[in-house]
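There are 2 protein chains.
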Amino acid sequence: MSSAQFTDFAQYKEQRAALINHDRSLRSDHSSEVSPSEAKADAIIRELRALENTTVWGSEHEGVPHPFPGMEFLTGRSIILKTKLFEMLAKMPKGGLLHAHLDATVNAEFVLKLALEQPALHVRAAKWLSALNVSNLLPEFKALPQEMFTNSEVGLTDPSYVSSTWVSLKTARESFDLALGGPEGFDKWVIGAMTINPSEAYQTHNTVNKIWEKFTSTFLVSNGLIRFQPVWEQYIYEFFRTSVEDGVSYVEVRINFYPKYMFGADGQEDIPHKKWLQMFDDAVNRLKADLKRQGREDEFIGAKIIYSTLRFITAEELEWYCEDCIALKQEFPHLIAGFDLVGPENVLKPLIYYAECLLRFRERQKELGVDIPFILHAGETLGDGTEADENLYDAILLGTLRIGHGFSLVKHPKLMEMCRERNILIEVCPISNEILRLTSSMLMHPLPIMMNNGLPVALCSDDPAMFGNMGLSFDFYQVLVASEVTGLIALRELARDSLKHSTLEPANKARAIRLWESRWNRFVDSIIAEAV
Amino acid sequence: MSSAQFTDFAQYKEQRAALINHDRSLRSDHSSEVSPSEAKADAIIRELRALENTTVWGSEHEGVPHPFPGMEFLTGRSIILKTKLFEMLAKMPKGGLLHAHLDATVNAEFVLKLALEQPALHVRAAKWLSALNVSNLLPEFKALPQEMFTNSEVGLTDPSYVSSTWVSLKTARESFDLALGGPEGFDKWVIGAMTINPSEAYQTHNTVNKIWEKFTSTFLVSNGLIRFQPVWEQYIYEFFRTSVEDGVSYVEVRINFYPKYMFGADGQEDIPHKKWLQMFDDAVNRLKADLKRQGREDEFIGAKIIYSTLRFITAEELEWYCEDCIALKQEFPHLIAGFDLVGPENVLKPLIYYAECLLRFRERQKELGVDIPFILHAGETLGDGTEADENLYDAILLGTLRIGHGFSLVKHPKLMEMCRERNILIEVCPISNEILRLTSSMLMHPLPIMMNNGLPVALCSDDPAMFGNMGLSFDFYQVLVASEVTGLIALRELARDSLKHSTLEPANKARAIRLWESRWNRFVDSIIAEAV
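Top to bottom, those sequences are chains A and B. All the letters of the first sequence, read from the start, carry residue numbers 625 to 1156 under my numbering. All the letters of the second sequence, read from the start, carry residue numbers 625 to 1156 under my numbering.
Misleading hints may appear alongside valid ones.
Since the list gives no way to pick one copy over another, a pair counts as held whenever it fits inside one copy or between any two copies.
The calculated lysine-lysine pairs, modelled on DSSO-like cross-linking and capped at a C-alpha distance of 30 Å, are [as the list claims (entries may be wrong)]: (1) K834 <-> K708; (2) K1124 <-> K1038; (3) K637 <-> K1038; (4) K899 <-> K912; (5) K990 <-> K766; (6) K898 <-> K1038.
Hints listed in this document are in silico derivations from the structure and should not be mistaken for laboratory results.
Make the full structure from the sequences, and use the hints.
Set out below in structure tokens:
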């Protein structure tokens, strides 16, 4: 097909169209059926995107020197909220959310509100807080047993505060120095410690390893509030509820089971994993009942748990967690969806370190007749040939059902082929990857490479409480505006794939997809209706 | 190959090694021969890289908040210069430089020095320069005929300066206000307008389109000095000379022939393209003679030109350039290597606009019995499915011999396959891509994807005068430190590919490769000798 072959320009254009077609033929949106309504809605969406590229993104926005579609999320978020396209996507039925860490799924303001209702919750700081140190010192939270409550009215900002002594949350908030903003200053201090802000992501911590340090600290802070039974129960419910409000109808969430207990209402750290699962099950059922009362039972299929522990434990310690996971699976077969090991891959232990133990784990499952697939994080890195990058080899060899992130997968031609052939879905977290500095904007994200190579992909929010990308609408938005190839049909395939590649049992999965499809058709119709 | 298949961990590890091997099997450094000396030198280089990751890159560096290997070049340059690894690479024989724009190949300080020796060269500004406006106003340079020289001593910083009047370069420099730094302030002002600095690339102009505006302005400024015969003759020689000093033994440089004439020594704009080629030929021969006198004739094979014009011309105008290019090829068959159209792809005309004319150009060549292969820029963009991205389809359909940049090629599975099968080399410009904000550091660059997919690649400097990456050592350094897979053998293949994919005539190419190989072997020995 060298240039010599063209007899005329018409023939050239024909071959060009054929080549583009061939190049895109592996994409899931390529040869799939498109209804006349979908074609119409797709055109509306594309036109709106082009329009807003000029009107919204081409305008001046205070404090944003370089606005562009797909830009750094924390800076661009307020502009996204001004678009009609985002408003539309907010109503889209998203399918399942397959990759999120439970401790990072509920809005920090809401968590603090829940916490303030709990007299057992206390806070401390390493020193009394002043204007000089408040931005450097972190709050530490803990539920205390009643006998340890203090009546002291000395707050954290009082110069007489004794370093690292516990103060009730209520006292700490109400006594917060007016010079530091009073109670609202307290809220700001706490929320700041539980979230990542633009100047951290894009300036002070602008490398993968530095932003991970801040990121890790947000978990340490928020865990003190969340891992307390009276908060946790409400927290899980709120996560499910807000997911449903965003059009997510099913959830597989990673829970970090590294701590063997959480705190109970009595301030004792003695609530075992088994009880966590009961609370989880209760929250699912409560939401289902509440939705049913509203005639919305079709909007929520349910939720499952990907059992996770952390990649700093020893292989010997891992054995305990594997046994624990099996025991939970035996008691709650409908809740345990899979197994994972989490944490920053660049600095923690590689999968190969755990591989022998993980192989035994699979053998043990066979003996016991349970099936807990691996759903492993791998390749969440910029490294090329580093241990974190090579985690991809292990994840695939270990038979992972899906890959969490797989950011560096696109460097590996053989692994790409294996994922396509074995139908291994990639849980892509666009906004997370950008805030954690793997890509500096959505335009550099490897997602188009995955899609054009025919890999199944689901978009995921990862840690929306820290990043501010609650639900999936923001991630879908970033993906849609960063590509001219991607349109409504690609979004449909991404949403449908999230259900197809879930661990739902066949009948349940079929039902989930059926319900999603009928919502999808209504969504398509609504795009057309609104545009008239 | 699911996890169930492993009978024991030894077998797992065996299959893992086989998989990694398979995954990397398309790489040019994979199954190529490695001498015992090369293996030893490779180990030395890898050890040094690991060591300096800690010692040099792990240290504090004033003014660099986040140093890391492969970081933003303009900020990291001074750190790179502290490494022993860079010192080694500076001595490496690089092969050919296949992608550079002539107007951007010689150090700006040197150009200014050449210019100051020319009484015909004049400068002007849109207003008299003061501390308030000096950073916003650009110098404009022009060679004037003697009758237009002025004796005025009024300089650019004099409040009585009449806007946009020409001042001799010497007067402008000597009269430059001491409050603005005096003559050195003048130099700084001029150099600043001819180069990109870190705060422009990483702050004020930190998007692809904004940095291109600054980038374009550097050409407009420097062209006034360079496109003047007495400067040009020395300029080309200096480009060749410094390339050779950096270990580059052959050059294919793009010259922008859009302006039909350059200025002669008499200040008349009447030097035609034919004369440009004579000067080019002369400079090649002068350097060859000079090197021969030094017993270094093996270090420089020669240089050719990729005829280029700009992507804003009309298809009708293109016809003139095609004919011009053919005429030059007929007169200087040994100098014209190929044809290209250049400029920012995101904003200028797409190749499809010119395709019909370009097909006729090839037909016309056949009629006349000349062969001027296309060597086209394509895919220098973050766009996905945009016109700039789709330029890749046209470049390949038009039969391009190599692809300039091909940054977005990795998104296209079919095009990747075609490049591999047709042996189309990608001219990768790592530092250029980063400074022009296609990637925020070398760690996010798609080069590993190209290499792992078996595409032939040559590293190129693109516009080193604007970027400060003179020679090829900096580009090789950035590539080497950004990957654990890449080692000495990969660098060898990159260098050799640059000669293999040149347009040198077969016998000359064989000689160039032979000479390069013997220098390579000496280089390898020197690494070992130094390490002892």
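Each hint, compared with the structure:
1. K834 <-> K708: Answer is between; shortest inter-copy Cα gap is 26 Å, intra-copy 35 Å.
2. K1124 <-> K1038: Both: 24 Å inside a copy, 27 Å across copies.
3. K637 <-> K1038: Between copies only: 17 Å across, 33 Å inside.
4. K899 <-> K912: within (20 Å within a copy, 82 Å between copies)
5. K990 <-> K766: Close neither inside one copy (40 Å) nor across copies (82 Å); limit 30 Å.
6. K898 <-> K1038: neither (41 Å within a copy, 51 Å between copies)
This entry does not satisfy hints 5, 6, going by the numbered hints stated previously.
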